[in-house]
Every structure is written in structure tokens, then in C-alpha cells.
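Construct all of the structure, not just a fragment, from the sequences and the given hints.
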Amino acid sequence: MAEMHPPIGTHPVEMEMPAAPDNSVLGVWIWLSAESLFFASLIATFLLLHNQNNGGPSLGKLIDLPLTFVATVTLLSSSLTMALGYAQVLKQNYGGFRFWLVVTAILGLAFAGMQAFEFHHLYAEGFRLNSAPSGSAFFTLTGFHGLHVLFGAFWLISLLFFSFKREFVEEAAVKVKVLGLYWHFVDVVWVIIFTVVYLMGKVA
Amino acid sequence: MATHSERVWHGGGQVVVTGDEEPRGLWSWLTTVDHKRIGQMYMGAGLFFFLLAGIEAFLMRLQLAQPDAHVVSAALFNQLFTMHGVTMVFLAGMPLLIGFINLVVPIQIGARDVAFPRLNALSLWLFIGGGLMLYTSWFFGGAPDAGWFNYVPISAGEFSPGPGVDFYDIGLQISGIGTLMTGINFLTTIINLRAPGMSWLRLPMFVWATFVTSLLIVFAFPPLTVNLFLQTFDRLFGAHFFTVSAGGSPLLWANLFWVFGHPEVYILIMPAFGIISEVVPVMSRRPLFGYTTMVLSVMAIGFLSFMVWVHHMFDLGYGPWVNSIFALSSMLIAVPTGVKIFNWLTTMWGGQVRMNTAMHWVFGFLITFVVGGMSGVMLALAPADLQFNNSYFVVAHFHYVLIGGTLFAIFAGMYYWFPKYTGRFLNERLGKWQFWLVFIGFNVTFFPMHFLGLMGMPRRIYTYAPHLGLTLWNSISTDGVYILTAGMIIGAINVLWSYGHGELAAADPWDGRTLEWAIPSPPPAYNFEYIPLVRGLDAFWVEKRYGNGRMLPAPEEHHGPPGTIHMPSPTAMPLFLALSIIVAGYGLILHSLVLDIIGFGFVAVGIYRSMFTVDHGYFVRPHHIEGVRADG
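Protein chains in written order, with my numbering: chain A, 10 to 213; chain B, 359 to 990.
Among the hints, a few may not be true.
Claimed, not checked - Here are some, though not all, of the chain B residues that point toward chain A, as calculated from beta-carbon distances under 8 Å:
{"hint": "1", "residue": "Ala473"}
{"hint": "2", "residue": "Phe474"}
{"hint": "3", "residue": "Leu538"}
{"hint": "4", "residue": "Ile542"}
{"hint": "5", "residue": "Leu545"}
{"hint": "6", "residue": "Ile549"}
{"hint": "7", "residue": "Phe577"}
{"hint": "8", "residue": "Phe595"}
{"hint": "9", "residue": "Ala604"}
{"hint": "10", "residue": "Gly606"}
{"hint": "11", "residue": "Leu614"}
{"hint": "12", "residue": "Gly959"}
{"hint": "13", "residue": "Val961"}
{"hint": "14", "residue": "Tyr966"}
What the hints assert, rightly or not - To give an idea of the interface, some chain B residues facing chain A are shown, with a C-beta separation under 7 Å as derived from the structure:
{"hint": "15", "residue": "Pro581"}
{"hint": "16", "residue": "Ala597"}
{"hint": "17", "residue": "His598"}
{"hint": "18", "residue": "Phe599"}
{"hint": "19", "residue": "Gly605"}
{"hint": "20", "residue": "Met706"}
{"hint": "21", "residue": "Val972"}
Everything labelled a hint here was simulated from the structure, so no lab data went into it. Even for Gly, the Cβ is constructed at its ideal location relative to N, Cα and C.
Structure below.
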């Protein structure tokens with residue numbers, strides 16, 4: 010079967026592979042594609058169950074759209090500040106980077122705070138995780154998103170501490186890039202949740 | 359500077375270690391990030407869980423050997439078949455295959471390790487921890503008892519009040535997260551760490567199988583993660599996802615489960631296909647017939663595996679249109695699978711087939727897997743399935759594909775790769791005894807189940823009345839189990855004995871074609887003294903046929919400082935993180951706030967330390983630097 014392999018010498022050696030992304034960056038992309046399926050499953054669950062109120066209040070009547078709009082703007086702004094921070098890292102201006110990192114974390118925590126306020130309000134109105142399937146689906150979907158925001162804030166603050174260490178400089182670009190990918194992903198998921206849960210819930 | 363890799367070769371390829379040996383002792387295994395050691399631990403733990411699941415099966419067959427028997431109670435029988443299924447799928451089948459993936463894939467692509475060695479160790483410990491946690495349910499009021507797919511409402515708090523199903527939800531969640539990380543890790547590894555010249559269409563078939571398997575893991579496990587969370591919330595926090603009286607939907611569980619579950623069974627068979635595709639060409643001394651169609655058919659099977667999940671639920675009333683579409687997509691999978699079967703046969707045709715034990719398992723695989731595939735097509739016919747469903751016919755079918763397919767391929771891989779990773783052959787004489795006993799015992803056990811199913815015996819039933827005419831085939835089936843068990847015991851003796859006393863193996867005992875045969879047996883921790891240059895499909899065989907029988911080194915820029923090899927440091931952090939997650943899991947199941955706080959607190963610490971500890975690694979200076987030996 011020798012003829013199945015062309016003799017060496019006539020066979021071009023494919024040395025020039027395209028420049029591969031850093032392992033961490035590629036790994037995070039793959040992880041986020043799994044996360045997409047995670048949120049897709051939760052959103053499908055919400056769409057299936059959002060009208061099952063078990064005799065309790067329906068979500069559409071309880072939604073405070075102006076509050077959620079402010080929260081949305083807050084979270085989307087944090088994507089901008091994250092990108093500004095990454096730009097500072099590329100310029101090796103670590104002071105500027107830390108400033109935008111702190112702003113991003115504050116915006117993220119502000120979003121989480123508004124979400125906590127909203128949850129408190131909904132619980133007071135009797136719309137709860139254990140009141141009806143619609144409540145279960147709502148709090149699970151938005152709650153898991155909120156946990157992702159909190160984890161992002163934890164990551165931002167951890168990176169802030171790490172940025173004062175000597176090892177930071179050699180890995181700064183990659184460390185900030187993967188965090189940025191995650192943070193933008195969490196924001197994009199919120200855009201979908203805002204549309205599907207809040208806007209469609211209000212017009213329904 | 360580590361000095362533990364000073365090795366010299368002489369005496370027909372035996373490895374004699376002259377310097378300090380590689381680190382030994384329990385701690386070195388607990389902290390290792392070496393893909394070969396992690397792979398061996400996956401194999402060891404997988405075989406341990408395989409033994410447990412085998413004992414469970416043995417007890418079930420004892421109970422069913424005679425009508426109205428009282429070997430186990432009905433309640434215990436429910437726990438036995440649930441744990442048997444969960445264990446075989448999640449704790450034996452997948453880990454044994456992931457073990458092979460860990461052992462083989464980095465070397466086959468010419469890499470020194472996986473992309474994320476520490477994450478790889480975390481995957482291992484999460485799998486072992488989640489599995490052991492699941493088994494501790496026996497001590498906390500009983501194992502899960504709602505079947506391996508754990509349908510609501512029988513798995514809901516109302517009908518399954520004990521903590522068993524909570525152990526299912528949280529134990530599988532933990533081991534599932536480990537599996538997901540394995541998928542991410544190996545996708546990154548295969549995309550990024552291929553040696554120079556190892557283009558996509560030069561990847562060995564086992565690497566292709568791993569690539570598609572990893573894709574399936576990454577896209578199939580998130581729906582399971584969600585499903586397990588939903589049920590956890592229902593059972594622990596009173597949510598109403600599946601509560602019918604409140605308007606919840608049990609069909610949601612069924613659909614999310616099978617959206618995961620069908621790709622899952624392809625996760626269990628795809629690496630098995632890869633193993634067969636490695637063994638057949640080497641043992642037939644021919645290149646794999648139709649390499650490109652093999653790649654395409656693996657991708658087609660992977661794609662179609664997401665399109666067929668409703669065929670597990672033809673009787674749930676989705677109507678003729680939905681059922682017809684899913685019946686057709688299910689039958690379509692037989693086409694790429696058939697392509698693979700014929701390509702293996704055509705590879706052997708005209709080759710010099712060596713009838714050693716590995717090849718025995720391949721033939722056993724081909725015969726039984728085709729039988730299982732045929733009954734699979736019968737089950738895909740929706741109207742017929744309404745008759746077969748929930749009968750022993752289904753049990754017969756999936757044991758033909760999972761034992762005859764996955765397990766026989768795992769055994770073929772064990773006899774094929776054992777000499778590479780231990781430096782010793784498995785005993786051929788014992789191996790053939792094992793093969794014939796298992797092959798005959800398997801068919802005697804499971805072929806009668808086709809008849810039992812057609813005679814109307816339902817699955818998951820703990821006993822049957824004497825006048826139903828089921829006694830004869832049931833007793834024959836249980837007789838087969840004794841033969842099967844004898845074969846498995848011989849296999850276990852073979853592995854344990856050969857590990858220390860087997861015949862010594864050279865580097866390339868089978869006249870192999872792929873890169874793992876170009877390095878010593880067992881491989882050094884750093885795999886390759888230099889990164890090899892790949893000049894064709896079947897990289898090592900090309901060098902033996904056209905070159906001087908050794909891999910050429912890749913150009914300079916692919917190496918570190920000359921004469922030294924950079925290695926990642928061992929670390930206890932993955933084990934610590936996995937233990938923290940287990941503690942947090944127990945906290946949830948036992949409603950213990952203290953355990954939750956301790957567990958999740960340590961998880962936060964562990965994640966911080968894992969993300970922000972910079973590992974500078976260490977350097978190895980191999981003594982034997984002149985070249986990778988082809989002759990061993």
C-alpha cells in the first residue's frame with residue numbers, strides 16, 4: 010500500500026499553520042460556547058413555563074421596566090469600561106487599567122444590587138421561586154445570570170489584587186482578554202434575557 | 359533542575375532507569391498533572407466502578423433467574439438497576455474512554471501534555487469525587503431508585519422522598535462538570551498543540567474520534583447541568599418545574615434529559631470507534647481504508663446525534679409527524695455507521711491479519727455491534743417501537759451496543775496499548791480465555807433478552823410469575839452471567855499479574871503507525887525528547903517506510919532551550935478544589951449550612967489560587983538526547 014503515501018520530498022510539509030490563539034483564549038471561547046447552551050436551556054425552560062402562574066401573580070404585571078432598563082444600561086456600560094481597560098493594558102498603562110477595572114466591578118455590582126432589589130420586590134408581591142412554575146423559571150434564569158455577574162465581579166477584584174504582583178506583567182494581556190471575553194458574554198446573555206423576559210413579558 | 363529522567367536504552371528496548379526514578383508514592387499521584395498518570399487513574403477508577411456495577415448486575419440476574427424469587431427486595435432492586443445504569447454510563451464507560459483519551463491523544467498529536475494540565479487533574483478528581491459521593495448514598499438512606507434517566511414524577515420528592523435522588527442530582531452534577539472540562543481541554547489540545555506538520559487530515563482516527571466526542575461533551579452536557587439544577591431546586595427549595603399540579607412539565611425533564619442523553623451514548627461509542635480504527639490497520643498491516651470517509655462519517659454521526667433524541671420518547675404522544683421525522687433521522691445514522699463497518703472490513707481484506715487478543719476483541723466488536731445496530735434500526739421504527747418500548751428488547755439492544763460496542767473496543771484498546779504505558783504485555787493466553795468466555799457469556803446472557811422482550815417482559819421489574827412462560831429464557835440468561843463473570847475475573851487477573859510480571863515490551867511491539875510507538879515504553883514524563891516533525895498520515899509509519907525509522911525533529915523555533923524540556927509543576931490545588939466542591943455538595947444534600955459555608959468558601963479560595971498562581975514549571979534535562987528510537 011506504499012503508493013497511498015507519496016514519497017517524502019515531493020510532499021509539502023505544512024509548516025505554516027495559521028497563528029493559533031493562546032490556549033487560554035481558545036479554552037474560554039469553547040467554555041463560553043458551552044455556557045451558551047446552558048443559558049439556551051434555561052431560556053427554553055422559561056419560555057415553556059412563563060405562563061404557568063399556579064393562581065398567583067403573573068410576571069408581566071410585576072415587571073418594573075424603568076428599573077430594569079437602568080440596570081441594563083449599567084451592565085452594558087460595564088462592557089465599554091472593560092474594553093477601555095483592555096486598551097490600557099495593551100498600552101501597558103497599568104494605572105489606567107486598574108481604574109477601568111474598578112469602574113467595571115462597581116457597575117457590575119450595581120447591576121447585581123438592582124437585581125437584588127427587584128427580587129426583593131417580587132418576593133414581597135408573592136412571585137417566588139416556590140410559588141409557581143413561572144417563578145421557578147424566572148428566578149432560575151435571572152438568578153444564574155446574576156451569579157455569573159457576581160462571579161465576574163469576583164474575578165475583576167481578584168485580578169485587581171493580582172495586578173500588583175510581579176508576575177502580572179508577563180501575562181497581563183491574556184489574563185485581561187479572557188476576563189473581557191467572559192464579561193462581554195455575560196452582557197450579551199443579559200441582552201437576550203432583557204428582550205425575552207422583560208420586553209416580551211411586558212407586551213404579552 | 360530535576361534529575362529524575364536519566365534513562366538509557368539497551369537490551370532490545372528495555373528501559374533501564376539509571377538516575378533518580380520518577381517521583382513515586384501516593385502524594386506524587388495525588389498531585390500529578392501528567393496526562394499519562396491521570397489517564398491511568400481514570401482507567402483504575404473506571405475499572406473499580408465497573409466492578410461495582412458488575413456486582414449490581416450480578417445481583418439483579420440472581421433475582422431474575424427464577425420466578426417469584428426473593429434474593430433482593432423490590433425496593434433494593436430499583437436501587438440496583440438505577441445505580442447499575444448510572445455507574446456504567448457515567449462512572450465506568452466514560453472514564454475508561456477518557457482514560458484512553460488522556461493516555462493516547464497528546465502523544466498521537468506530538469504534544470508533551472494537554473493544554474490545561476491542572477484542569478485535567480481537576481476533571482479527574484471531580485469524576486472520582488462525584489462517583490464516590492453517589493455511592494455514599496447507600497449509607498444515607500438508600501441509593502437513587504428512579505432509573506438512570508430519573509424521570510419525574512417518580513424521581514420527585516413526593517414519590518422518592520429519601521435523599522437518593524439528591525445524590526443522583528448533585529453527584530452527577532459534580533462529575534459532569536469534570537467531564538465538561540475534559541471536553542474543553544481536549545478540544546483546545548487538539549486545535550492548538552499539534553506538532554508541526556500534523557495537519558487536520560493527518561490526525562490519527564482516534565484523535566478525530568476524541569475531537570468529535572469533545573464537541574459532543576461541550577454541547578450535550580450543559581442541558582444536563584440545567585436539568586439537574588432544575589430538579590435540585592424542585593427537591594431542595596420547593597420550585598415547581600416538574601410539579602404537574604402547579605402547572606410544571608415532566609416532559610421538560612424528559613426532553614432536556616434526552617437532548618443530553620442521546621449525544622451521551624455517542625460519547626460512549628465514538629472513542630470506541632476510534633480505538634477500533636487504530637487497532638485494525640496495525641494488526642492487519644494495511645493503512646486504514648477510506649480515511650477521509652472515516653473522518654466524514656464520524657462528523658456526520660456527531661451531528662446527527664443531536665437530531666434524534668425524541669426516539670427515546672415515541673410513546674409520549676408527540677404525534678405522527680414528529681415521530682416520523684425523528685424515526686428517519688435515527689435510521690439515517692445507520693448510514694455513516696455502516697460506512698465505518700465496511701471500511702474496517704475492507705482494511706482487513708487482503709491484509710496480513712494477526713489474530714492476537716486485541717484482534718479477537720475487534721472481531722467480537724464487529725459481530726455484536728452489528729447485531730446491536732440492527733436492533734437499533736428496529737427500535738427506530740416508531741410504530742414498532744411502541745411495541746418494543748420499555749421491554750427487555752430495549753435492554754438487549756443497548757447491551758449489544760454498549761458491551762459489544764464500547765466494552766469490547768475498550769478491551770481491544772487495553773490489549774493494544776497496555777505494553778506502551780506499562781512496558782509489559784498482557785498475557786495472550788489468558789487474554790484469549792477471557793475473550794471467549796466473555797464473548798460466549800455475553801451472548802448467552804443478552805441474546806435471550808430479545809425473546810423475553812418480544813414475549814412482553816417489561817424492563818425494571820423485580821420479579822415475574824411462573825405461569826408467564828418467561829422462566830426458561832431468564833434462567834438461561836442468568837447462566838450466561840456465570841460464564842461472563844468467569845471471563846471478567848480472568849481479565850482482572852491478567853491485568854493485575856501482567857502489570858508486574860508480564861513479558862517486557864519494546865517501544866514498538868506491534869509495528870505501529872502512529873507517534874506513541876516512536877517513544878519508549880513506558881513513555882518518559884515529557885513524552886518526546888524533541889517535538890517531532892510530521893511528514894504524512896500515519897506519521898511514524900511514513901518514517902519507517904521512507905525515512906530512517908526515526909522521527910525527525912521539528913525546526914528550532916518549536917523547541918525550548920536546547921537540551922532541556924519545560925514541564926508543569928505538580929500541584930495539590932485540583933484535589934483541594936474538588937474536595938471543597940464535594941463538601942459543598944454534601945452541605946446541600948444534608949441541608950447543612952456549616953458544610954455549605956466551608957465548602958463554598960474553600961471553592962472560592964481554590965478558584966482564586968488556581969486562576970492566579972503562576973506556575974513557572976521546571977526543566978528536565980534528558981540524558982538520551984540523540985533521537986527517538988524506532989527500533990525500541
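To see whether the hints hold, each was checked on the structure:
1. Ala473: It holds, given that the least Cβ distance between B:Ala473 and chain A is near 4 Å, below 8 Å.
2. Phe474: For B:Phe474, the interface hint holds, since the closest Cβ of chain A sits about 6 Å away, which is under 8 Å.
3. Leu538: Given a least distance of 6 Å, the restraint on B:Leu538 holds.
4. Ile542: Result: holds, 5 Å to nearest chain A Cβ.
5. Leu545: B:Leu545 check passes; min Cβ-Cβ to chain A is 5 Å, inside 8 Å.
6. Ile549: Hint on B:Ile549: holds, closest Cβ of chain A at ~6 Å, below 8 Å.
7. Phe577: OK, holds: B:Phe577 within 8 Å of chain A, min 6 Å.
8. Phe595: holds (6 Å)
9. Ala604: Constraint on B:Ala604 satisfied, holds at 4 Å.
10. Gly606: holds (5 Å)
11. Leu614: holds (6 Å)
12. Gly959: Violated, about 13 Å.
13. Val961: With a closest approach of 11 Å, the B:Val961 hint is violated.
14. Tyr966: Cβ of B:Tyr966 sits 5 Å from chain A, so the hint holds.
15. Pro581: holds (5 Å)
16. Ala597: holds (4 Å)
17. His598: With a minimum Cβ separation of about 5 Å from chain A (threshold 7 Å), the hint on B:His598 holds.
18. Phe599: holds (5 Å)
19. Gly605: holds (3 Å)
20. Met706: violated (13 Å)
21. Val972: holds (4 Å)
Figure legend: structure checked against the earlier numbered hints; hints not met, in rising order: 12, 13 and 20.
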